[in-house]
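Line by line, the protein sequences give chains A and B.
All the letters of the first sequence, read from the start, carry residue numbers 1 to 259 under the UniProt record's numbering.
All the letters of the second sequence, read from the start, carry residue numbers 1 to 398 under the UniProt record's numbering.
A few of these clues could be false.
[Unchecked claim] Here are the in silico distance ranges between beta carbons for each label pair:
| no. | chain 1 | residue 1 | chain 2 | residue 2 | range |
| --- | --- | --- | --- | --- | --- |
| 1 | B | 131 | A | 156 | 49 to 55 Å |
| 2 | A | 32 | B | 102 | 36 to 42 Å |
| 3 | A | 37 | B | 257 | 39 to 45 Å |
| 4 | A | 226 | B | 343 | 34 to 40 Å |
| 5 | B | 275 | A | 37 | 45 to 51 Å |
| 6 | B | 102 | A | 40 | 29 to 35 Å |
| 7 | A | 40 | B | 141 | 56 to 62 Å |
| 8 | B | 368 | A | 173 | 57 to 63 Å |
[Claimed, not checked] Below are the DMTMM-like pairs computed for lysine to aspartate or glutamate, each with C-alpha atoms no more than 20 Å apart in a straight line:
| no. | chain 1 | residue 1 | chain 2 | residue 2 |
| --- | --- | --- | --- | --- |
| 9 | A | 45 | A | 170 |
| 10 | A | 76 | A | 203 |
| 11 | B | 50 | B | 126 |
| 12 | B | 50 | B | 261 |
| 13 | A | 45 | A | 87 |
| 14 | A | 45 | A | 69 |
| 15 | B | 175 | A | 215 |
| 16 | B | 272 | A | 233 |
| 17 | B | 175 | A | 34 |
| 18 | B | 175 | A | 107 |
| 19 | B | 50 | B | 380 |
| 20 | B | 50 | B | 4 |
| 21 | B | 175 | A | 154 |
| 22 | A | 210 | A | 52 |
| 23 | A | 45 | A | 203 |
| 24 | A | 76 | A | 148 |
| 25 | A | 45 | A | 124 |
| 26 | B | 175 | A | 203 |
By construction, these hints were calculated from the structure, which means they are not laboratory data.
If you're wondering where the values come from, they're calculated on a predicted model, not measured in any experiment.
Here a beta-carbon is modelled for each residue, glycine too, at the ideal position from N, C-alpha and C.
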Amino acid sequence: MDLARRLFMAQAARITAGAAFVPLASVAQAGINDQPPRRDGDAAKRYAMLIDLRQCIGCQACTVSCHIENEAPLGKFRTIVSQYEVENEETGDLAQFMLPRLCNHCDNPPCVPVCPVQATFQREDGIVVVDADRCVGCAYCVQACPYDARFINDRTQVADKCTFCAHRLEAGLLPACVESCVGGARIIGDIMDPDSQISRMIEEHRDELKVLQPDKNTVPHVFYLGMDERFIDRPQAAPGLWDVRDSAGAELGYEYGEH
Amino acid sequence: MNMESIEIIAPRYGIAWYPRAVEYFFLVALAYTSLWLALPGAVFGVNRWKPIARLALVGAVTTAIAAPVSLLADLHQPLRFWHFYAHFTPWSWMSIGSLILPVFVVLTIGLAWLVWREPMQDWRGERGIVGWVARVATLGHWDSPRWLIVLTGLGAFAASLGMALYTGYEIAVLKGRPLWHTDFLPVMFVATGLIGSVGMLLVLDRFSGMRAAELATAPQTPVVSPSRAVSRQLLGVLLVACILAGITAALWFAVGLTQADPSVAAALDSVKGNPDWRAMTFRAVATGGVLFLGVLALLMRPGIRGLGWVFGLLALHTAWMFRWAVLMNVQTVQRQTAGFSEYQLGMGSMGLLGIIGAFALWLTVLMLIEIFVPWRAALDGPSTVPVSKPSDGVPSHG
Ligand code: SF4
Ligand code: SF4
Numbered sequence: 001m002d003l004a005r006r007l008f009m010a011q012a013a014r015i016t017a018g019a020a021f022v023p024l025a026s027v028a029q030a031g032i033n034d035q036p037p038r039r040d041g042d043a044a045k046r047y048a049m050l051i052d053l054r055q056c057i058g059c060q061a062c063t064v065s066c067h068i069e070n071e072a073p074l075g076k077f078r079t080i081v082s083q084y085e086v087e088n089e090e091t092g093d094l095a096q097f098m099l100p101r102l103c104n105h106c107d108n109p110p111c112v113p114v115c116p117v118q119a120t121f122q123r124e125d126g127i128v129v130v131d132a133d134r135c136v137g138c139a140y141c142v143q144a145c146p147y148d149a150r151f152i153n154d155r156t157q158v159a160d161k162c163t164f165c166a167h168r169l170e171a172g173l174l175p176a177c178v179e180s181c182v183g184g185a186r187i188i189g190d191i192m193d194p195d196s197q198i199s200r201m202i203e204e205h206r207d208e209l210k211v212l213q214p215d216k217n218t219v220p221h222v223f224y225l226g227m228d229e230r231f232i233d234r235p236q237a238a239p240g241l242w243d244v245r246d247s248a249g250a251e252l253g254y255e256y257g258e259h
Numbered sequence: 001m002n003m004e005s006i007e008i009i010a011p012r013y014g015i016a017w018y019p020r021a022v023e024y025f026f027l028v029a030l031a032y033t034s035l036w037l038a039l040p041g042a043v044f045g046v047n048r049w050k051p052i053a054r055l056a057l058v059g060a061v062t063t064a065i066a067a068p069v070s071l072l073a074d075l076h077q078p079l080r081f082w083h084f085y086a087h088f089t090p091w092s093w094m095s096i097g098s099l100i101l102p103v104f105v106v107l108t109i110g111l112a113w114l115v116w117r118e119p120m121q122d123w124r125g126e127r128g129i130v131g132w133v134a135r136v137a138t139l140g141h142w143d144s145p146r147w148l149i150v151l152t153g154l155g156a157f158a159a160s161l162g163m164a165l166y167t168g169y170e171i172a173v174l175k176g177r178p179l180w181h182t183d184f185l186p187v188m189f190v191a192t193g194l195i196g197s198v199g200m201l202l203v204l205d206r207f208s209g210m211r212a213a214e215l216a217t218a219p220q221t222p223v224v225s226p227s228r229a230v231s232r233q234l235l236g237v238l239l240v241a242c243i244l245a246g247i248t249a250a251l252w253f254a255v256g257l258t259q260a261d262p263s264v265a266a267a268l269d270s271v272k273g274n275p276d277w278r279a280m281t282f283r284a285v286a287t288g289g290v291l292f293l294g295v296l297a298l299l300m301r302p303g304i305r306g307l308g309w310v311f312g313l314l315a316l317h318t319a320w321m322f323r324w325a326v327l328m329n330v331q332t333v334q335r336q337t338a339g340f341s342e343y344q345l346g347m348g349s350m351g352l353l354g355i356i357g358a359f360a361l362w363l364t365v366l367m368l369i370e371i372f373v374p375w376r377a378a379l380d381g382p383s384t385v386p387v388s389k390p391s392d393g394v395p396s397h398g
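All chains, please: the whole structure from these sequences, using the hints.
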């Protein structure tokens, strides 16, 4: 299925129909669990990210720089690169697969309508953010996100997630992960601007782009180039580092245990 | 090409809702289903159901008071609870619930107050704090108007339907977790809630001395006295609730197996082959079976109904474990990474201590009612029954 095309068609439909039927749309938004209107941000923009997996070397530079930039607590990540060792069972050949993951800034984000106090909201430019002063820490949004992109920050006791480094974008800087990416695998930009690098790459690779868990109808706006089908959903893989056990089967420890 | 994959690096996603959430869903389900059991006797004046209504009102009030405390404690920012009311969000089930819950709690307490203040009138003359509370709490010497009881009862009933609906759909709308995203879940919450509340009433019936007192005054015949309708009615409701829960669970499973509902199929798929989940399912089915057969046996053999409270405890366990499995264990299923995260019940206030605390709070409320409210005498109950005379404490079988 040409996901990207379906995606963009849906988006085009949203834009045109939305402009034509504003009152109708606001009636439709009255339903429980429907998307509320967006607020703040520049309505002329739609930020998105394209991750060129062919360029990713799994160095975790993005993970680290994001962790420092956004002061996430130990063991919790706004972005991380999941790494898999894949073995061809016939030939025994080994390959590595890297999957940088972050909030997808979905166009139909299930984390937004659930928030009971509207602390989580989507800006007009598509970025999904949390108002930390308003959040009551109910963690409803954490449960609602199908990508495990959110967590409760142990220090602030409110919901935390990737914001595309909105504070840096506003200052004319690139997000920390994009800035630090060794392979130049992460491209962020405005997809409403046809001349942006991301728009040109989307145009060029339209048929190869994939998103995570498209069947959830969340319409993610982090697009993957060079993505393997088998990792789009929860992968059928053996969790590696989690099982550090002694001979009696008791867990000895974990990479990200309490330090 | 066949592949074998190992996930080398992935964060461990902890759980975001703690056992506090289980406490809340457990207590609040006991509250609204207890209220349903109280309605026929307390509101509509059906004599046959008055003994149950006496117990059920106590059950509903105690759990309705304890439940919101657990809910508040599950927020990471409990002092910001007022944000719910400052920023009402009609499209969020949780926000809708934040309006329904206080209405439900207030109307449930209001109904009990209207019913209880009648027998409390007799205690106005008592000395000490009991008499003082009776004088203050009854708000004067007037009869609770019938229309007000009916109105409050109907209001509480409407709110209780809202509670059942919101607590179910709050979870069922979350498509991010296939094991939650199904219309069967709200039904299951109601069915297991009813199982739990009947269990609670069976235990209350036994340990409040209601059962013993009633049997002591009943004619001693080998056949159970007809006045002991309470056990029969409670067991009857329990049987129906068990059947409802069994059918719902079976349907959910069948729908998943036949792939008729992709969400259920995905849910089954997500835990397929996990030994812990298999063991849990087995335990759940076994407990349900024992409960069902036990209730059936008690219904057919009145002579052994003295054991009712044991099955009451088992019923409470069933209602609790269902919520534990749904709310805690489901959170351990990873969503974008492989495998399962493990959750171990901690000892602190977010774990075991919190659970004990919630139970202690419930017990405290129960004690206060026991001390200050002559609830046994409500709804034409036997006003002469002493609270505790040593000779009444002997359990009776029959
Ligand atoms: S990835 Fe998760 S947190 Fe981000 S917008 Fe989508 S649902 Fe919300
Ligand atoms: S944790 Fe905060 S942002 Fe998330 S749903 Fe609750 S109040 Fe909203």
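Now for the hints, and whether the structure bears them out:
1. 131/B <-> 156/A: 49 to 55 Å: Distance hint for residue 131/B, residue 156/A holds at roughly 51 Å.
2. 32/A <-> 102/B: 36 to 42 Å: violated, 19 Å
3. 37/A <-> 257/B: 39 to 45 Å: Taking Cβ atoms as reference, residue 37/A and residue 257/B lie about 41 Å apart, which means the hint holds.
4. 226/A <-> 343/B: 34 to 40 Å: Cβ of residue 226/A to Cβ of residue 343/B: about 35 Å, so the range 34 to 40 Å holds.
5. 275/B <-> 37/A: 45 to 51 Å: With Cβ atoms ~47 Å apart, the hint holds.
6. 102/B <-> 40/A: 29 to 35 Å: Holds: the Cβ-Cβ distance is about 31 Å, inside 29 to 35 Å.
7. 40/A <-> 141/B: 56 to 62 Å: Since the Cβ atoms of residue 40/A and residue 141/B sit about 60 Å apart, the hinted range of 56 to 62 Å holds.
8. 368/B <-> 173/A: 57 to 63 Å: holds, 60 Å
9. 45/A <-> 170/A: Holds, because 12 Å separates the two Cα atoms, which is no more than 20 Å.
10. 76/A <-> 203/A: Not OK: residue 76/A and residue 203/A at ~34 Å, beyond 20 Å, violated.
11. 50/B <-> 126/B: violated, 26 Å
12. 50/B <-> 261/B: The given pair, whose Cα atoms are some 43 Å apart, is violated under the 20 Å limit.
13. 45/A <-> 87/A: At roughly 42 Å apart (the allowed maximum being 20 Å), residue 87/A and residue 45/A break the hint.
14. 45/A <-> 69/A: violated, 24 Å
15. 175/B <-> 215/A: Judged against 20 Å, a Cα distance of about 10 Å means the pair holds.
16. 272/B <-> 233/A: holds, 16 Å
17. 175/B <-> 34/A: holds, 13 Å
18. 175/B <-> 107/A: This hinted pair holds, its Cα atoms lying about 15 Å apart.
19. 50/B <-> 380/B: Holds, at roughly 8 Å.
20. 50/B <-> 4/B: It is violated: about 64 Å lies between the C-alpha atoms, which goes past 20 Å.
21. 175/B <-> 154/A: Violated, at about 26 Å.
22. 210/A <-> 52/A: Holds - the C-alpha atoms of residue 52/A and residue 210/A are around 11 Å apart, at most 20 Å.
23. 45/A <-> 203/A: holds, 17 Å
24. 76/A <-> 148/A: Holds. Residue 76/A to residue 148/A sits at ~11 Å (cutoff 20 Å).
25. 45/A <-> 124/A: Judged against 20 Å, a Cα distance of about 8 Å means the pair holds.
26. 175/B <-> 203/A: Outside the cut-off at roughly 31 Å; violated.
Hints 2, 10, 11, 12, 13, 14, 20, 21 and 26 from the earlier list are contradicted by this structure; the remaining hints agree with it.
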